[in-house]
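Engineer: Those protein sequence lines, which keep their order, are chains X and S. With this note's numbering applied, the first sequence corresponds to residues 58 to 480, in that order. With this note's numbering applied, the second sequence corresponds to residues -14 to 319, in that order.
Watch out, some of these pointers could steer you wrong.
Said to hold, decoys possible - Taking lysine-lysine pairs in the PhoX-like style, the calculated list, with each CA pair at most 20 Å apart, reads:
hint: 1; chain 1: S; residue 1: LYS248; chain 2: S; residue 2: LYS315
hint: 2; chain 1: S; residue 1: LYS32; chain 2: X; residue 2: LYS259
hint: 3; chain 1: X; residue 1: LYS259; chain 2: S; residue 2: LYS29
hint: 4; chain 1: S; residue 1: LYS28; chain 2: X; residue 2: LYS259
hint: 5; chain 1: S; residue 1: LYS193; chain 2: S; residue 2: LYS248
As the list claims (entries may be wrong) - Reference excerpt, derived from the structure (chain S facing chain X, CB under 7 Å, subset only):
hint: 6; residue: VAL48
hint: 7; residue: LEU57
hint: 8; residue: TYR85
hint: 9; residue: ARG86
hint: 10; residue: SER87
hint: 11; residue: ASN147
hint: 12; residue: ILE239
In case anyone wonders, no lab produced these hints; they're calculated from the structure. All C-beta atoms in this analysis are idealised placements derived from N, C-alpha and C, irrespective of residue type, glycine included.
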Amino acid sequence: MRPNLPPLALHVPEPRFRPGDPVDFAEVVIPPADAARRPDTSAQPAEFHELAYTLVRVLDEDNQAVGAWNPRLAPEVLRRMLRSMARTRAFDERMFRAQRQGKTSFYMKCTGEEAVAVAATLALDRDDMCFPSYRQQGILLTRDYPLVEMMNQIYSNRGDPLHGKQLPIMYSSKDTGFFSISGNLTTQYPQAVGWAMASAAKGDTRIAAAWCGEGSTAEGDFHSACTFAAVYRAPVIFNVVNNQWAISSFSGFAGAEATTFAARAIGYGIAGLRVDGNDALAVYAATRWAAERARTNQGPTLIEHFTYRAEGHSTSDDPSQYRSAEEATAWPLGDPIARLKAHLVAIGEWDDERHAAMDREVAEEVRAAQKEAEKNGVLGHGLHQPLDSLFDGVFEEMPWHLREQQAQMLAEEAASGRPWARK
Amino acid sequence: MNMIQAINSALEVMMARDPDVIVMGEDVGYFGGVFRATAGLQKKFGKTRVFDTPITETGIVGVAIGMGAYGLRPVPEIQFADYIYPALDQLVSEAARLRYRSNGDFTAPITVRSPFGGGIFGGQTHSQSPEGIFTHVSGIKTVIPSTPYDAKGLLIAAIEDNDPVLFFEPKRIYNGPFDGHWDRPAKSWAGHPAATVPTGYYRVPLGKAAVARAGEALTILAYGTMVHVCQSVVEEAGIDAEILDLRTLVPLDIEAIEASVKKTGRCMIVHEATRTSGFGAELSALVQERCFYHLEAPIERVTGFDTPYPHSLEWAYFPGPVRIGEALKKVMRT
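With the hints as extra help, turn the sequences into a complete structure.
Structural biologist: Right, here's the structure in full:
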């Protein structure tokens, strides 16, 4: 060490609030709803600098839809959006409770982030392929995938479309345009690019959309995907759901102290938008814009959805151990459902009674679905799949070594004197 | 044809037969690959079916998986097997599990081609044999040809297979059947019976071993370059060994192995890869479990040493005629 120089200091990021701290989000800059310009979908990536550092917003303080990004949606579309978000929240509430009741091993809510999946899905076409992470259940709910099927998967029961092979919430539905969820973060990003490249190579008209959290942008696959997407101008939309938290690590550990996630796009030569993720109309408008850009061969878009993870990371997490309990209520962008509701009320297309009735209806729908799903069993209550199905699907055809192991397992069961109950 | 030409021919045949077959990787497009395996394909089939990629192995395999999910049949190339590790997550966590985790909803019908193995003064990162890493992963098939004829037929079968296949090409024998005698002039494939390769379509089935040399005295289990090295050692020693060229490691042709070892009563396993937890350990365990009462001597493993692949000491590291010859004597002595 040279004595004439001051010692170096290692910077380790620290969130502003820890448990028990009073919360003041005054430093979070929220520009006015009509501030962001809306470029042409053919604009060059270099023209997105200020859009990558501001927030695209539509709903203003008076709950009116304003500015260049106002998608001017018909009231029935707005109501459908609201209902999908409400269904998603009701589903989350019910399944979270089911986990606490011991009916399944695991669950993850998306509370506060409903707009990110629901509004984006409404802006895509039904046959566009989504490559979600584990917190976009709103896609399935918006595309009217049956609630009972989702619950069957969560319960790993007789009706589970994945035959009990996957952890709860790792859904898969090709027919719904919902790619198989993996536990490994951001692996779906280059896969989405590949799907989009294939669509382009085949002269198809479908596009792909991928989601990951801000924490996952630190994975190498994020970089690979952005590079590939830019190089081949892949018709793909990258959604980065910046909900401020990756389990217990605040967004600073993914680089947020120094820049925005939308700004990362510009270095790759990708259009970058930063959007108020709790403003369903802004999410819809940005997705619609990016879809149009992709569909006209103008290339990929990265959308940072600025939002807040209002609840714990999962049923295995206790956020009170690492962040202030006040954060969720103090979050300056509010709640996406409350904001869309207020907008519909403000334009005279909704009221408290209708909202309360809708909440009752979706709660009843979810309750009925749960009753139906539980007829197929819940986790841990007996065996719901044939024992030998454990070996199905490793390969298209079962090779000899798996057949041998399968026979061994069945022999063990027979020898145990305590055969698994077969259904 | 040499092995490069056979591989090139397999790609050309499959691209002509199936419009969903696409080829991608670093330098595979206009240039035709650093080993020329994809030469001429872009010119013939166009840039949307044969194209260069950015230098990102995880991107190459991840993108291929997405293309497979769309419905294509991608054949990505990893320039050297030593550089497959950045793609390990995509191969192990994604390609290998996609069918299982989605209960068949999505599949990954991809064939990852990659030159592997040593004997070319490739040093630490142009010589490795990482097959044992992948044979440990359920859901991936691992294929290693040793002749031009097999290379073409196996590659066609791999591309047609609906499961992910790792296709490791022993680059030491791209141009000729290397017998381990590094100090003698290199041989070419010319005149070798397995260098007569049909120009059209044919398959060599996955999961089937080939008898590279029939014999009665002992069984040698080998694949890739080592098949040729073993053949030469056996001929020079005048021992009537049976050499099984495994060709596919997963799924393995256990019937052929069992039949041969039960006949000969002795077994030697030869691979270039490092010894500890190498594929030879699996082979040895299987033979011991299934042929124990037929064995007249301990199973011998001849492998690379448990060190990174060296540059200047290559021929001390490489399991060549001397090491294999000594092991042969040991197995036959007992």
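Engineer: With a cut-off of 7 Å on the beta carbons, see whether ILE239 (chain S) makes it to chain X.
Structural biologist: Holds - the Cβ of ILE239 (chain S) comes within 7 Å of chain X, reaching about 6 Å at its closest.
Engineer: Quick one, is the ASN147 (chain S) hint okay against chain X at 7 Å, beta carbons?
Structural biologist: 5 Å, holds
Engineer: Given the hinted pair LYS193 (chain S) and LYS248 (chain S), is their alpha-carbon gap at most 20 Å?
Structural biologist: 18 Å, holds
Engineer: Hinted pair, alpha-carbon criterion (20 Å max): LYS32 (chain S), LYS259 (chain X). Please report holds or violated.
Structural biologist: 12 Å, holds
Engineer: Once the shortest beta carbon distance from VAL48 (chain S) to chain X is found, is it less than 7 Å?
Structural biologist: 4 Å, holds
Engineer: The hint names LEU57 (chain S) as touching chain X; please verify it with the least Cβ-Cβ distance against 7 Å.
Structural biologist: Hint holds; LEU57 (chain S) Cβ to chain X Cβ min 5 Å, cut 7 Å.
Engineer: When the nearest CB of chain X is found for TYR85 (chain S), is that gap smaller than 7 Å?
Structural biologist: Given a least distance of 5 Å, the restraint on TYR85 (chain S) holds.
Engineer: Taken at face value, is the distance from the CA of LYS259 (chain X) to the CA of LYS28 (chain S) at most 20 Å?
Structural biologist: 18 Å, holds
Engineer: Holds or violated: ARG86 (chain S) as interface residue toward chain X, Cβ cutoff 7 Å?
Structural biologist: Since chain X brings a Cβ to about 5 Å from ARG86 (chain S), closer than 7 Å, the hint holds.
Engineer: Mind checking the alpha carbons of LYS259 (chain X) and LYS29 (chain S) for me, to see if they're no more than 20 Å apart?
Structural biologist: Distance ~17 Å between LYS259 (chain X) and LYS29 (chain S) Cα, so the pair holds.
Engineer: At a threshold of 7 Å, is the proposed contact between SER87 (chain S) and chain X supported by beta-carbon distances?
Structural biologist: For SER87 (chain S), the interface hint holds, since the closest Cβ of chain X sits about 4 Å away, which is under 7 Å.
Engineer: Can you confirm whether the C-alpha distance between LYS248 (chain S) and LYS315 (chain S) stays at or below 20 Å?
Structural biologist: Holds, because 19 Å separates the two Cα atoms, which is no more than 20 Å.
Violated hints for the displayed structure: none, as all numbered hints are satisfied.
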